[in-house]
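Visitor: Taken in sequence, the protein lines are chains A and B. Residues in the first sequence are numbered from 2 upward in steps of one, following this note's numbering. Residues in the second sequence are numbered from 2 upward in steps of one, following this note's numbering.
Hints were generated in silico from the structure; no laboratory data involved. Among these hints, one or two may not hold up.
Just so you know, same-sequence chains aren't split out, so a pair can sit in one copy or run between any two.
[To be verified] Okay, derived cross-link-like pairs now, DSSO-like style, lysine-lysine, Cα gap no bigger than 27 Å in a straight line: (1) Lys49 <-> Lys267; (2) Lys298 <-> Lys53; (3) Lys53 <-> Lys143; (4) Lys53 <-> Lys262; (5) Lys246 <-> Lys156; (6) Lys181 <-> Lys33; (7) Lys156 <-> Lys266; (8) Lys298 <-> Lys49; (9) Lys143 <-> Lys4.
2 protein chains.
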Amino acid sequence: MEKFELHILGCGSALPTTRHFATSQVVNVRDKLYMIDCGEAAQMQFRKSHLKFSRLNHIFISHLHGDHYFGIMGLISTMGLLGRTADIHIYSPFGLQELLQAQLDSFYNKLAFNVVFHVFDTKETALIFEDRSITVTTIPLKHRVPCCGFLFSEKPRPNHIIREMIDFYQVPIHEMNRIKNGADYIMPDGTIVPNTKLTKPSDPPRRYAYCSDTMYNEKIIPLIEGVDLLFHEATFAQTEEKRSKETMHSTAFEAATIAAKANVKKLMIGHFSARYENEMVLWEEAQNVYPDTILAKENLYVNI
Amino acid sequence: MEKFELHILGCGSALPTTRHFATSQVVNVRDKLYMIDCGEAAQMQFRKSHLKFSRLNHIFISHLHGDHYFGIMGLISTMGLLGRTADIHIYSPFGLQELLQAQLDSFYNKLAFNVVFHVFDTKETALIFEDRSITVTTIPLKHRVPCCGFLFSEKPRPNHIIREMIDFYQVPIHEMNRIKNGADYIMPDGTIVPNTKLTKPSDPPRRYAYCSDTMYNEKIIPLIEGVDLLFHEATFAQTEEKRSKETMHSTAFEAATIAAKANVKKLMIGHFSARYENEMVLWEEAQNVYPDTILAKENLYVNI
């Protein structure tokens with residue numbers, strides 16, 4: 002399986018503690034890195050996770066609360082000091098550039114790259130990024146300010162060649178790409194060799210859905226149906242349901258309910274409120290509803 | 002001795018590493034806290050040093066490079082979430098408010114306190130802060146942008162009463178403040194009891210000088226002459242003297258030379274370049290010139 006990993010840089014909520022950093026994650030797809038949210042000290046956590054700044058070109062910001070973007074300036078500053086020349090692209094709801102422009106202007110003349118801002122609509126799902134390996138689609142969420150989650154989807158990969166059969170039928174090299182993409186092979190004498198004899202299907206494309214910050218919202222279910230991994234915020238336990246609703250966050254129970262209804266393969270909960278000295282209470286609550294639940298943790302990484 | 006401590010929150014330079022956070026320190030004078038510089042993640046390090054946010058009312062920023070101020074927004078955000086109502090005062094060279102205003106506006110309506118900016122001139126030394134316990138005076142430094150260090154001076158304290166002598170001469174209570182401040186006591190029969198019989202001098206006022214970022218600059222010597230503790234940046238070793246001059250930083254040798262010429266009681270060096278895996282090379286270089294040298298370190302605190 003090719004690399005498709007999730008690295009947790011921070012999984013606390015607005016109030017950082019000695020246990021948790023503010024929100025930030027990195028998706029690693031075949032050594033290309035995509036950052037999701039960038040809370041304060043994300044760059045230190047990035048380093049601690051042994052990731053390479055030069056591999057990071059795209060940052061996706063869910064919403065404009067400080068615990069999801071205060072780390073951007075430090076990260077950009079560090080990229081500048083490391084001699085970066087490639088542009089960095091930042092995708093966010095409207096307003097981020099306006100929040101950062103004064104600081105960017107203060108050292109823009111010393112950066113050898115551009116910071117390119119891309120604004121997305123938070124009301125409707127849309128494809129906001131695509132390269133050879135993945136697509137990124139927004140997942141509209143319900144929070145106190147405009148907010149979207151992100152669905153990272155691997156692109157379907159060509160079939161795997163069965164080497165022995167290719168040799169047996171003496172398929173010429175120039176036919177190979179067509180065959181990888183599903184074509185049959187027509188031999189010089191006109192005999193048709195069906196594609197299924199020549200190839201094995203590649204691994205099914207994998208998907209990762211990030212949903213934070215949000216209150217319980219069943220509208221996201223069709224968008225995340227069956228994903229390999231769902232990260233859903235679980236700021237509170239059910240005992241704090243009132244506070245959770247007021248602040249438009251989710252409880253662990255609610256996160257697990259979404260996971261169950263969307264038939265996801267695995268659930269990770271995070272964005273823990275500072276009030277929980279130990280998140281086992283959140284894990285147990287979620288795990289009762291949706292057994293395949295894990296807790297996010299700083300510098301944890303999982304294969305998707 | 003009353004409390005006069007220095008806490009190091011971060012002592013790296015512009016490029017944070019897994020070993021060092023960006024610059025930030027806290028001076029604790031009788032449980033009132035004064036922050037010097039506020040690099041990224043200063044709030045996490047503040048918490049880790051077991052300091053209380055409610056005790057912090059004044060922040061002094063030496064200059065407007067990101068590694069000295071990127072932590073301010075996170076700190077203010079956290080103060081807001083903790084329900085703070087007391088104003089926070091920030092002292093800096095011109096321009097800091099302009100860098101932060103857009104972000105402050107984005108949550109100003111949710112803060113129950115004001116962020117009050119005070120601008121100081123970086124060309125001449127000046128008294129910029131004073132309360133019952135201390136004064137803070139600027140120390141003009143030479144760096145790539147306008148920059149000042151800070152001299153924290155305890156105010157002289159009243160003499161200590163010698164209880165037995167007060168009883169012996171039957172000094173009335175209403176005379177006590179005068180006597181603590183040096184007055185003689187005149188007995189009902191006109192006899193003069195000299196103050197030296199009634200009091201012992203209090204401990205001499207202590208002073209802490211913070212000098213970062215700066216190139217070697219002998220002009221600061223008269224301002225820091227004889228201080229109890231000097232923090233002087235030592236970004237590089239002498240082997241990097243060229244780079245040090247280009248970036249207008251100091252070497253460990255230069256920091257120690259300043260300490261020796263200013264007859265300070267103790268030197269702490271910090272603001273270490275990310276290139277040094279181990280700062281012992283900097284310590285040895287400084288220590289050869291000025292023996293009473295210590296290395297800054299995250300979450301270290303020293304009594305001044």
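Visitor: Starting from the hint list further up, note which numbers the structure goes against and sort them upward.
Guide: 3, 4, 5, 9
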